[in-house]
Amino acid sequence: MHKFIRIDMTTLTSTVSEVPAKYVGLGGRALTSNFVNDEVNPTCHPLGKNNKIVFAPGLLSGTAAANSGRMSVGSKSPLTGTIKESNTGGSSSQMLAKMGIKAFVIEGMPSEDKFYVIKLDMNGVTIEEAPAEIIGGCGNYDAIRILGEKYGKHVGVAIIGPAGEYRLPSANISFKDPEGNIRSAGRGGLGAVLGSKKVKAIIIDETGAGKVEIANPEAFMAANKVFSKALLDHPVSGQGLGLYGTDVLVNILNEAGGLPSYNFTSGRIDHNDNISGETMNATITERGGEGKVSHGCHKGCVIRCSQWYTDKEGKYITSGFEYETIWGLGADAGIEDLDAIAYIDRAMDDVGVDSIETAVAVATAMDGGLIPWGDGKAVLEIVKDMAKPTPLARIIAGGAGAVGSLCGLYRTPVVKNQAIPAYDPRAIKGIGLTYATTTMGADHTAGYCISGNILKVGANIDPLKKEGQIEYARAMQIGTAAIDSTGMCLFIYFGVADNPAGYQALIDMINAQYGLSLTANDVDELGKSVLKVERDFNKRAGFTNAHDRLPEFMEYEPIMPHNVVWDFTPEEIDEVMNF
Amino acid sequence: MEESTLDAPVKKLEIRGFLQLDAILRKRYGSMPFYFEIEAPISGLALSEILGIERKDIEVIFVNGFVHELEYIIHPGDRIAFLPPGCPGPYRIALGFYGKNQGNEAAFKIQK
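As they're listed, the protein sequences go chains A and B. For what it's worth, the numbering used here labels the leading residue of the first sequence as 1, then goes sequentially. For what it's worth, the numbering used here labels the leading residue of the second sequence as 1001, then goes sequentially.
The set of hints was computed from the structure by calculation and includes no laboratory data. It cannot be assumed that every hint is accurate.
[Claimed, not checked] In silico BS3-like links for lysine-lysine, alpha-carbon gap of 27 Å or less:
#1 A:K153 / A:K211
#2 A:K225 / A:K299
#3 A:K312 / B:K1056
#4 A:K384 / A:K466
#5 A:K211 / A:K299
#6 A:K229 / B:K1011
#7 B:K1027 / B:K1011
#8 A:K153 / A:K49
#9 A:K292 / B:K1012
[Said to hold, decoys possible] Heads up, incomplete: computed chain A residues facing chain B, CB under 10 Å, no partners named:
#10 Y423
#11 A427
#12 I431
#13 T434
#14 N460
#15 L464
#16 Y472
#17 Y493
#18 A541
Given the structure is predicted, the values throughout are model-derived calculations rather than measurements. Glycine included, C-beta positions come from ideal geometry on N, C-alpha and C.
Use the sequences and the hints to build the structure in full.
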């Protein structure tokens, strides 16, 4: 029996039941978004007692399927006011799936002002007061270590840092990875939601759990073999992400003139060589010690885009050192030293804030005169101060939109109050349409995966022109909503986009696991249904097409070197979600 | 009096290589970017052969910030970057690689 768990923080009780019929065939984002739309009042305050937060492994999580260890977290976002799904690597998703837990929901709010730890194991749920030493400023690295000493090194951990305790809008939820380091459900302030419910951490202990049930094991293994080969044979796995991480994009976006720089006033920098993935690879290799140029964020990852970045003595500083973080601090905020950025990345993980929202807020603050341009030391201190938090730290952790308002800036790069990530919409127009129309607020990962039929459109795409971009943005968002529901890492897209057999193998694995006969069209329909559910929630929360717009300054401030502006009309933008 | 260079044609290309080409070209030419003089327009393919870059190591080239196929004609003074297969994400479509790569079977498709 698959379990559906509800944890009521008002009464500090829990119930374990069979999965409601509506959610039986859903996983990951499809489940979390349907649940939030069904049970959360769209007009509720995100940090009030009526909001709920739901955690769900994907359809394929816990199986032997390569790259299937993602966990979705859904709620109403305190940053955007929209529905939110944020997903992460780490160990927890696979553990939950093996334990037969389809999803768990945290609702209500305790009356007492103290934090709790929730433990999920094969016997059910226990709720106990959080250890005092992990409350009130303790960083996530230490807190995960302390929880490991108490509950065992083998357990999965989801935790909020001090930023979550203080319900700061950029607060994320951190997840322990296989080595005890940190992965994050980063965007949208879901750490603040967990903090509002006084949940400091969730412990997942899979002791006694069996294997995930597979209806047709032979067909599953055959499909997984094809799928894994599609991923491994693709150059992006072997030559791209595996060696240079996602930071390989710094040089590429810089060359294309789409690397937003100095708070979105330019599309190119001169110090790209300081912060590129190629330089990161060379630095890690040269320093040796604990450094790894390639690392998987969950068991079964064959792409291994993460890494362990080290200091000059070869000691670990941070992992999962992503392009978007390095772009935000290195290009958008002008911090030219990769080591300085690495220490800030570690500090953001430690206090528990979204590294994209924080980096863009920092750059916006620099534009507003709050912080000197490129001052890595000042930024590191501000991020560390989020554990107290000082007034300036609160302002930065309020997100780019809050900083822009407080600094009196019209140039505030947000959509639905969420910071625009590392690809300038003026120079890469298809991604701009996704930023404008996604249900999540500006989010590059909302438009990441497609099915094969878009490639005909893709052949005609010029990043600086409108032709084909509406179809591109629509197909990418539909595909992504479906993939987000499988528990698959979005990076599988690289393998399946060029190889139809890989995409079919993904569907075949789902069919083999659940005894289904889904087609590619069914998967497409799943993606569409998820987007429609999310838009329904947003509409009832008060959002209209008028919110599906990029910031106005992009219409009249051209970005160099291509000297282009954002020129889609409202009518054209609205066509993206017209399906 | 020194001869003015204002009217002299710019003959040097500013060249970059990404992914594995970063280390290879940096070692071969001593810096990144490096500069290479040409007298007349040349195709990207011909330039890559002169520079000793293998065909399999190029998915597309950038010329002055625009994505082009390898056969595109480069002119003196251009800013060039060679990009091997391996660019992640949807960006190979969003940046226009697909349109420039329809005939590039070896670089684009899964190895059999």
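Using 10 Å as the Cβ threshold, decide whether L464 (chain A) counts as touching chain B. holds, 8 Å
Interface hint outcome for A541 (chain A) [beta carbon to chain B under 10 Å]: violated, 28 Å
Hint check: K153 (chain A) vs K211 (chain A), CA-CA at most 27 Å. Holds or violated? The hint holds at about 21 Å.
Would the hint on I431 (chain A) be counted as holding, given a Cβ-Cβ threshold of 10 Å to chain B? holds, 6 Å
Below or equal to 27 Å on CA atoms is what counts here, so check K153 (chain A) against K49 (chain A). Violated. K153 (chain A) to K49 (chain A) sits at ~33 Å, over the 27 Å cutoff.
Are the Cα atoms of K229 (chain A) and K1011 (chain B) separated by 27 Å or less? Violated - the C-alpha atoms of K1011 (chain B) and K229 (chain A) are around 46 Å apart, more than 27 Å.
Regarding the hint that N460 (chain A) lies at the interface with chain B, is the smallest CB-CB distance below 10 Å? holds, 6 Å
Has the given pair, K292 (chain A) with K1012 (chain B), been kept, meaning a C-alpha gap of at most 27 Å? Not satisfied, since the Cα-Cα distance of roughly 38 Å exceeds 27 Å.
Chain B contact restraint for Y493 (chain A) - C-beta distance below 10 Å: Since the shortest Cβ distance to chain B is 7 Å, the answer is holds.
Within 27 Å, alpha carbon to alpha carbon, are K1027 (chain B) and K1011 (chain B)? Roughly 23 Å between the alpha carbons, so the hint for K1027 (chain B) and K1011 (chain B) holds.
Per the CB criterion, is A427 (chain A) less than 10 Å away from chain B? holds, 9 Å
Once the shortest beta carbon distance from Y472 (chain A) to chain B is found, is it less than 10 Å? This interface hint holds because 7 Å falls under the 10 Å limit.
In terms of the numbered hints stated before, the structure departs from hints 3, 4, 6, 8, 9 and 18, listed from lowest to highest.
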